[in-house]
Amino acid sequence: MKNPQFNYHRPGSLSEALALLDEHGDEAKVLAGGQSLLPVMALRLGRPEHLVDIGALAGLSNITAGPQGTTIQALVRHAAAERSTDIATHAPLVSAAMPHVGHRAIRTRGTVCGSIAHADPAAEMPAVCLAVDATMVAESVAGTREIVATDFFEGYLTTALRPNEILTEVRFPAWSATAGGTVVEISRRHGDYALLGLACLLDVTEGLIANAALSFFGAGGTPIRVAEAEQTLIGRPPNDETFAAAAKAVTEHLEPGSDIHASTNYRRHIAGVLTRRGLAEATSKIGVPA
Amino acid sequence: MTAVPIGETLDVSLTVNGATVSVDIDPRRSLADVIREEIGLTGTHLGCEHGVCGACTILLDGEPARSCLMLAAQAEGTAITTIEGLATNGEMHPVQQAMHEAMSFQCAFCSPGFMMSTIALLDDNPNPSEKEIREELSGNLCRCTGYESIVEGVETAVKIMGPTR
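Protein sequences, first through last, are from chains A and B. For the first sequence, this note's numbering gives the first residue as 1, with consecutive numbering after it. For the second sequence, this note's numbering gives the first residue as 1, with consecutive numbering after it.
It is possible that part of the hints are untrue.
Pair by pair, the computed Cβ-Cβ distance ranges are [as the list claims (entries may be wrong)]:
# : chain 1 : residue 1 : chain 2 : residue 2 : range
1 : A       : R44       : B       : P126      : 41 to 47 Å
2 : A       : T264      : B       : T2        : 45 to 51 Å
3 : B       : A79       : A       : K248      : 50 to 56 Å
4 : A       : S61       : B       : N125      : 22 to 28 Å
5 : B       : M1        : A       : L43       : 28 to 34 Å
6 : A       : A245      : B       : H100      : 55 to 61 Å
7 : A       : A227      : B       : C48       : 37 to 43 Å
8 : B       : C144      : A       : Q231      : 49 to 55 Å
9 : B       : C48       : A       : V148      : 36 to 42 Å
Treat the hints as calculated values from the structure; they're not laboratory data. In this text, a Cβ means the ideal position worked out from N, Cα and C, and glycines have one as well.
Could you build the full structure based on these sequences and the hints that come with them?
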């Protein structure tokens, strides 16, 4: 399908981009990698009057990673995040998500922040943000504000970002040396959107689970953490019995939708399977250098 | 700042298969359409035009990309390689030769995309397992072959090009 018509803007600086968004409000859309926006436009699910192409802006492609945390700026492509050994060391859950994001040719162009701002409920990165309590940094002509993941994802393709804001960076907190995490999913074809998936992490001290996150994608309008299941893990040793109890709690509390690809019951079933599989894999990654 | 109102055009310059090309286009046009209709290189095929089928895959600054999921305007200043850029002096690229020898394709609509994706795969991983080949090429659809002959073509390419790079 061919793209609909739009007014094309290629600002020379971030402040010019923010001024354009402020002027045009919800008639404007930000174009970065375009791997979500251009299909949306091709299918006429969205028809922005103004496109603000930030792809060529300088100074928005940095990855800063260290023991204090990891920051990924707006124009960091999935491919760059996937190759980054700094991210692998300091934000390993982001690295674990990357091979699942689209296909390789999509990751060449698509950006990490773009995926978060698009907020497809079946996408990996929003669930990763929710699992590790990432902070989204939104800029507008009025200034900068920080939005925590629990407040950011509001509904299907809907976030707390205002029409005049750009998600300029996402910040991931410091990764604990005693934590392990992974991303597991079931999709019909490698690289497709998942029928259901899980971003999970465990922090184990003195043989017992001190902290846990189970963040599901493809299970509702936003990524969803199942607190009841996370609670069953705390204070217990990381073993099959513990994981089976968590999986049971997940299947009792998660209410995934039904569509042409999978029924609610099937999705609930694979949520349990992925809980056991993901937690075992996360445990095996504790203390393993990336 | 560049601003192009609806109905007006934009100059875009890029390098295509080693040659500098400038086009004057409506900004809504995809890179794929510009490659085919303005530059005249019709080897890049368009199947779904929303990023699913992979037929339009090209190399953008050496990395695989969907030319249907890019505005040509976004390719300003880049260097792209299309299927026409693979052969040198009438000699097929080893991946083309391998796919030919393995009789990888039937109707061949998907072939340019598969070959560009294969080049990207072997660039990163010169000796992939069958599982890795299938995973990496899962972003390209073929409706004829059932993929067996295409996987065989990639394996033949590994034999021709050698397992190291």
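Each hint, compared with the structure:
no.	hint	result
1	A/R44 <-> B/P126: 41 to 47 Å	holds (42 Å)
2	A/T264 <-> B/T2: 45 to 51 Å	holds (49 Å)
3	B/A79 <-> A/K248: 50 to 56 Å	holds (55 Å)
4	A/S61 <-> B/N125: 22 to 28 Å	holds (25 Å)
5	B/M1 <-> A/L43: 28 to 34 Å	holds (30 Å)
6	A/A245 <-> B/H100: 55 to 61 Å	holds (57 Å)
7	A/A227 <-> B/C48: 37 to 43 Å	holds (40 Å)
8	B/C144 <-> A/Q231: 49 to 55 Å	holds (52 Å)
9	B/C48 <-> A/V148: 36 to 42 Å	holds (37 Å)
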